[in-house]
Amino acid sequence: MTGPKNQLAALFAACGKNDALKARFMADPKVVLAEYDMPMPDDIVVKVVEDPENRMLITLPAPRDGDTDLSDDDLGNVAGGPLLQQQF
Numbered sequence: 011m012t013g014p015k016n017q018l019a020a021l022f023a024a025c026g027k028n029d030a031l032k033a034r035f036m037a038d039p040k041v042v043l044a045e046y047d048m049p050m051p052d053d054i055v056v057k058v059v060e061d062p063e064n065r066m067l068i069t070l071p072a073p074r075d076g077d078t079d080l081s082d083d084d085l086g087n088v089a090g091g092p093l094l095q096q097q098f
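The numbers in the sequence shown follow my numbering, run straight up by one, and end at 98.
One should not assume that every hint holds.
Unchecked claim - Below, in silico cross-link-like pairs of lysine to aspartate or glutamate (EDC-like), each with a Cα-Cα straight-line distance of 20 Å or less:
1. K27 x E45
2. K15 x D47
3. K32 x D47
4. K32 x E45
5. K57 x D75
6. K40 x D52
7. K27 x D61
8. K27 x E60
9. K15 x D83
10. K32 x E60
11. K15 x E45
12. K57 x D38
13. K40 x D29
14. K32 x E63
15. K32 x D53
16. K32 x D61
17. K27 x D38
Unchecked claim - What follows is a list of derived Cβ distance ranges for each label pair:
18. V59 x P14: 31 to 41 Å
19. D84 x K27: 37 to 47 Å
20. D83 x M36: 30 to 40 Å
21. P14 x E63: 33 to 43 Å
22. A30 x K57: 16 to 26 Å
23. D29 x P73: 18 to 28 Å
24. G26 x D82: 15 to 25 Å
25. D29 x D83: 36 to 46 Å
26. R74 x K27: 21 to 31 Å
27. M50 x P73: 20 to 30 Å
These are computed hints drawn from the structure, not numbers from a lab. From a predicted model like this one, the values you see are computed outputs, not experimental measurements. Beta carbons: idealized from backbone N, C-alpha and C, even for Gly.
Given these sequences and hints, build the entire structure.
Dropping the structure here:
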């Protein structure tokens with residue numbers, strides 16, 4: 011199986027085994043993502059943050075131009091929404 015999720019999982023696993031790769035990924039994520047066949051457009055900013063086990067980061071998406079209200083369907087598609095509903 012290939013695809014972005016599997017490529018990212020492979021990168022995470024490699025970073026867990028290789029401190030130099032992890033340091034490079036944190037310092038210059040776009041270069042490392044490209045090495046793992048996940049190139050990012052020039053206008054996308056990528057930031058890698060290492061989470062400690064006792065913290066969960068939630069990223070809010072930027073509001074769309076002229077539309078700051080989310081429909082019920084949009085809310086259901088927000089990253090983490092279905093996961094949180096299943097866990098709690």
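Consistency of the hints with the structure:
no., hint, verdict
1, K27 x E45, "holds, 17 Å"
2, K15 x D47, "holds, 12 Å"
3, K32 x D47, "holds, 17 Å"
4, K32 x E45, "holds, 13 Å"
5, K57 x D75, "violated, 23 Å"
6, K40 x D52, "holds, 9 Å"
7, K27 x D61, "holds, 17 Å"
8, K27 x E60, "holds, 15 Å"
9, K15 x D83, "violated, 23 Å"
10, K32 x E60, "holds, 10 Å"
11, K15 x E45, "holds, 15 Å"
12, K57 x D38, "holds, 9 Å"
13, K40 x D29, "holds, 17 Å"
14, K32 x E63, "holds, 17 Å"
15, K32 x D53, "violated, 23 Å"
16, K32 x D61, "holds, 13 Å"
17, K27 x D38, "holds, 18 Å"
18, V59 x P14: 31 to 41 Å, "violated, 19 Å"
19, D84 x K27: 37 to 47 Å, "holds, 38 Å"
20, D83 x M36: 30 to 40 Å, "holds, 35 Å"
21, P14 x E63: 33 to 43 Å, "violated, 25 Å"
22, A30 x K57: 16 to 26 Å, "holds, 20 Å"
23, D29 x P73: 18 to 28 Å, "violated, 38 Å"
24, G26 x D82: 15 to 25 Å, "violated, 38 Å"
25, D29 x D83: 36 to 46 Å, "holds, 43 Å"
26, R74 x K27: 21 to 31 Å, "violated, 39 Å"
27, M50 x P73: 20 to 30 Å, "holds, 22 Å"
Of the numbered hints listed earlier, those contradicted by the structure are 5, 9, 15, 18, 21, 23, 24 and 26.
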